[in-house]
Amino acid sequence: MGLIEDIALIGADTVDGLTRFMDNSALYERMLKKLPQVIEDNPVMPFVRSGDLETALSNAHTLKGVVGNLSLTPLYNNYTEAVNLFRSGETAKAEELLESTLEIQRQFVECIKKYD
Amino acid sequence: MKNSILIVDDQEINRVLLAELFKEEYNVIEAENGQQALEIINENSDIIAVMLDLIMPVMDGMSVLTELNRTGKIYHIPVFIITAAENMQMLTSAYNLGAVDIISKPFRMCFIKARIGNIIELYRHRNELVDIVNDSVDKMAKLNDKMVETLATLIEFRDCESGEHVKRIKNITLKLMTKVSDMFPEYRLEKTTIAKIGTASILHDVGKVAIPDSILKKPGRLTPEEFEIMKIHTVKGCDILAQMPEDIMDQEVYRYSYDICRHHHERWDGRGYPDGLKGDEVSIWAQVVAVADVYDALTSPRVYKAAFDTDTAIQMINEGQCGLFNPKVLEAFNCMVDEIARKHREDSEADAE
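Chains as they are written, first to last, in this note's numbering: chain W, 1 to 116; chain A, 1001 to 1353.
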């Protein structure tokens, strides 16, 4: 088992991911390993809690693009939905969704860090 | 040598994905924000496409688009927006600012390569066509200048001149007009306009073709009657220009030529000819050519006189011995007279060889 197989077990669409990385699995893995830092650099929940919804939206938007390109489907779906909720003013629903996303996000990060 | 494409995104993962896609075909340059992107675009003339994220720190994508519009670069370099946003208002604004296509995240690689490749090819062809057209326009303008110069040289030959007189007048006019324009805001002109005035100055004496040889080549002072005939070369010049086919020269050059032909012997105090205009009733370009013409006539040998040295010529012009000129034109002339004199000496030495 390797990183790509492991994240597939958590829900990543690695077939789609490998296609996006032109079947270059080494490059795909290298980019996956950058995800924990990207998440750390773009926190969402602290800004939701402090009421800075503009930064929360901006960071959620950044994460949506990155996890989408890495084919981390569950995260992508949730961040896409959260961004839509922020934009339609449904902050409470966005916050609830993001809270529930933290667990699956933690699983992806831990899995990736195992291969560092 | 490969052309370059610029990928602008604050997230390395997004940049690497696109870089991987294009690295075989292009030299890939990456930027983390809009400010870096603009610096790179300004420093690299071989960038043939830009892939631009909208939401970035330091400077966002919309600001980059705005700047590329301001500088006109948006018309030569296709800009693709790469975004995870479905914000229609923002995307519409990006299109309005000249973006050619939207590439959504997550990327669909097989489509991106084809879409971007097609538009790059389209721009390449368009830019080539623009270059070809500009080249042709440039060649036409040069050909036009040469025709005008050849016509003026033929006339100068009749006047026992080598044709260098008209070239010197053009050079002095270009330098002096530029100086006047730089020094005095009321006489400010665009560089392209000054270039056209330079070309037009060549035809200032075209009317001399209508003056009899007995007067034109007389090796001595003209009688008052002969001088009256000589003076009509200004009006005859306009008659000749008026009979030229309309499309033989640039219309702007034509208008300047006509004005210069008629008024390059007018003087600041109204004692010139043919119309006796005073001060700024005479266009600034005709005033400039008047000074250039007098300086060159004084410093060149004629059938009726030897050449004066440059210091004497400058003194005569400043003292009004050849008629009064606009003090501002004289101030500009005196600022650059050393340069004019040096060029005149170089040309005379070249002629002697």
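Among these hints, one or two may not hold up.
Here are the simulated DSS-like cross-link-like pairs (lysine-lysine), alpha carbons at most 25 Å apart as the crow flies [what the hints assert, rightly or not]:
(1) A:K1139 with A:K1113
(2) A:K1073 with W:K34
(3) A:K1023 with W:K33
(4) A:K1175 with A:K1073
(5) A:K1191 with A:K1231
(6) A:K1073 with A:K1023
Far from chain A, by Cβ distances over 10 Å, these chain W residues were calculated [stated by the list, open to error]:
(7) E5
(8) V83
(9) T91
Interface residues of chain W toward chain A, partial, derived using beta-carbon atoms under 10 Å [stated by the list, open to error]:
(10) L32
(11) K64
(12) L102
(13) I104
(14) Q107
(15) C111
Rather than coming from a laboratory, the hints here were simulated on the basis of the structure.
All figures in this text were calculated on a predicted structure; none of them were measured in a lab.
Beta carbons: idealized from backbone N, C-alpha and C, even for Gly.
Tested hints:
Between K1139 of chain A and K1113 of chain A the CA atoms are separated by roughly 38 Å; this puts the pair beyond 25 Å, and the hint is violated. The hinted pair formed by K1073 of chain A and K34 of chain W fails the criterion: a straight-line CA distance of about 34 Å is larger than 25 Å. Annotation: proposed proximity of K1023 of chain A to K33 of chain W holds, straight-line Cα distance about 22 Å (limit 25 Å). Of the pairs offered as hints, the one joining K1175 of chain A and K1073 of chain A is violated, with about 31 Å between alpha carbons and a cut-off of 25 Å exceeded.
With a C-alpha separation of about 32 Å, the suggested pairing of K1191 of chain A with K1231 of chain A is violated against the 25 Å cut-off. Simply put, K1073 of chain A and K1023 of chain A have alpha-carbon atoms about 24 Å apart, close enough for the 25 Å limit, and the pair holds. Distance check on E5 of chain W: its Cβ is at least 20 Å (rounded) from any Cβ of chain A, clearing the 10 Å threshold; non-interface status holds. With a cut of 10 Å on Cβ distances, V83 of chain W falls inside the contact zone with chain A, its closest approach being about 8 Å.
The Cβ of T91 of chain W sits about 17 Å from the closest Cβ of chain A, beyond the 10 Å cut-off, so the non-interface label holds. Below 10 Å, beta-carbon pairs count as interface contacts, and L32 of chain W has one with chain A at about 9 Å; its hint therefore holds. Residue-level restraint check for K64 of chain W holds (minimum Cβ-Cβ distance to chain A is 5 Å; threshold 10 Å). A least Cβ separation of about 20 Å between L102 of chain W and chain A goes past the 10 Å threshold, and the interface hint is therefore violated.
Given the 10 Å rule on beta carbons, the hint for I104 of chain W is violated: about 18 Å separates it from the nearest Cβ of chain A. With a cut of 10 Å, the hint placing Q107 of chain W at the interface with chain A is violated, because the nearest CB-to-CB distance is about 19 Å. Because the smallest distance between the Cβ of C111 of chain W and any Cβ of chain A comes to about 17 Å, over 10 Å, the interface hint for this residue is violated.
Comparing the model with each numbered hint stated earlier shows that hints 1, 2, 4, 5, 8, 12, 13, 14 and 15 do not hold.
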